[in-house]
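**Student:** Numbered by numbering that gives the first Met the number 0, the letters in the sequence shown go through residues 0 to 403 in order.
To be clear, the hints were calculated from the coordinates, so they are not data collected in a lab. No experiment lies behind these values; they were computed from the predicted model shown. Keep in mind that a hint or two might mislead.
Mimicking DSS-like on lysine-lysine, the simulated pairs with C-alpha atoms at most 27 Å apart in a straight line are [said to hold, decoys possible]:
#1 K82 with K22
#2 K394 with K211
#3 K290 with K106
#4 K267 with K211
#5 K106 with K267
Ranges of calculated distance between the beta carbons of each label pair, as one might list FRET restraints [claimed, not checked]:
#6 Q366 with K39: 27 to 33 Å
#7 K39 with F152: 35 to 41 Å
#8 A151 with M207: 41 to 47 Å
Beta carbons: idealized from backbone N, C-alpha and C, even for Gly.
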Amino acid sequence: MEKEVLEEGREWTRRRLEERLQKAADAIPAVCERSGLVLKRQQRTSFTLTTVTGPVRIEAIRGYSSKSASWHCPVREQWGLAKWARLSPEFEQRLAHTAAATGSFEKAAELSRRWDSAISDDAIHALVQRIAERNEVVNLPAPPPPKAHEPAFSLVIMIDGWMVRQRGAHWGHGPGPPALERVDWKEVKSAIVYRLEDRAANASGRGMLIEKNVLAVPPDTDVVDLGAAIHALAMRSGMARAKEVFVVADGAIWIWNLIEDRFAQATKTLDFYHGSEHLWSLAHHLYPQSKEQAAAWVSPLLHQLRHNPDHCLIDTLEELLATNPADPAVNREVTYFQNHRDHLNYANLAARNAPIGSGSMESTCSQFQNRLKRRGQFWSPSGLAHMLAVDVACKNDTLHFFWN
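Work the whole structure out from these sequences, hints included.
**Tutor:** Rendered as structure tokens:
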């Protein structure tokens, strides 16, 4: 019974939508949108749109513009419909969001069938490519002006990269030497921006963010362009009004070059977990035969790293270097911490409730990979760029601007 009633309501909605669309179409004058002149050789034509509630048939005027020497359909043009578009903008938006939220285009098609809007996975795939191509640069509206008595806030920026599989130069080749490059691993550089005051916890105590903005760019994007994009996102998030800006990242050189270029005045922090990994790596190097000895050696150093703000960890490591000057591993790790001397103030940051780790960024990377790094997924460069653009827009709740 429930299904029957749903179908009745769906058909009523479809007919109501068709009536309203036809009324709106009849009110549109038969003039060229570019020149404003009345179209010549007018013809009454019709087209069908597939909507969320089903197909609707619209009658409209089609005419010839002598100014542009081309045929025009004012209804389609005013509604923002491409020449051969067969899907309504609302239906397209829902399909695109479903494609980003599910693990594959096949699953998106399966889900759409479950809510009675059957469409093929190929059509969804083509939709994602089409809307991403025509929206390579999405002009978002200016953010609303701040409130008269906006509470003070701090901004947090985290940057990282994650790996994805692209089709290599020899993708699709038959059996051959192992040296064939069938899979090309690429790094997708990403960032997350949020206000420190938007951190919260759910009922179980698990951390969460009330509001955030994310960014991810296709592989091989120039770091300078990435820095400009992150800076623009931070400005949209209120960086110019923030009382303090915190930047947290792991030790990748490209990240810190970007930070120094774009966020030199920010409070910079090396991700604590990443720093502790370097200490553990050094411990296993010094005591390769004994995990217990390695743990005993590294434990006080981890405590120094986390709780002592006066760089005593670096003093300890420099003493170690003095007794092992020829050891390249010791040299490398000591140099690493010396380079990050000003990025290790974990005790002070924790006392101010500021982040000392990039867990939010790791979570965001995991969410991206949940869509773009599944089993059997090997992307073409354009296919990855298109799906990434749609996924980012969904996460930032800006997908609807693709149809603006």
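**Student:** All hints are to be evaluated individually against the structure, with a verdict given for each.
**Tutor:** Consistency of the hints with the structure:
1. K82 with K22: 21 Å, holds
2. K394 with K211: 9 Å, holds
3. K290 with K106: Answer violated: K290 to K106 is near 46 Å, above 27 Å.
4. K267 with K211: 19 Å, holds
5. K106 with K267: The given pair, whose Cα atoms are some 41 Å apart, is violated under the 27 Å limit.
6. Q366 with K39: 27 to 33 Å: Since Q366 and K39 have Cβ atoms about 54 Å apart, the given range 27 to 33 Å is violated.
7. K39 with F152: 35 to 41 Å: Taking Cβ atoms as reference, K39 and F152 lie about 59 Å apart, which means the hint is violated.
8. A151 with M207: 41 to 47 Å: 22 Å, violated
Hints 3, 5, 6, 7, 8, counting from the list given before, are not met by this structure.
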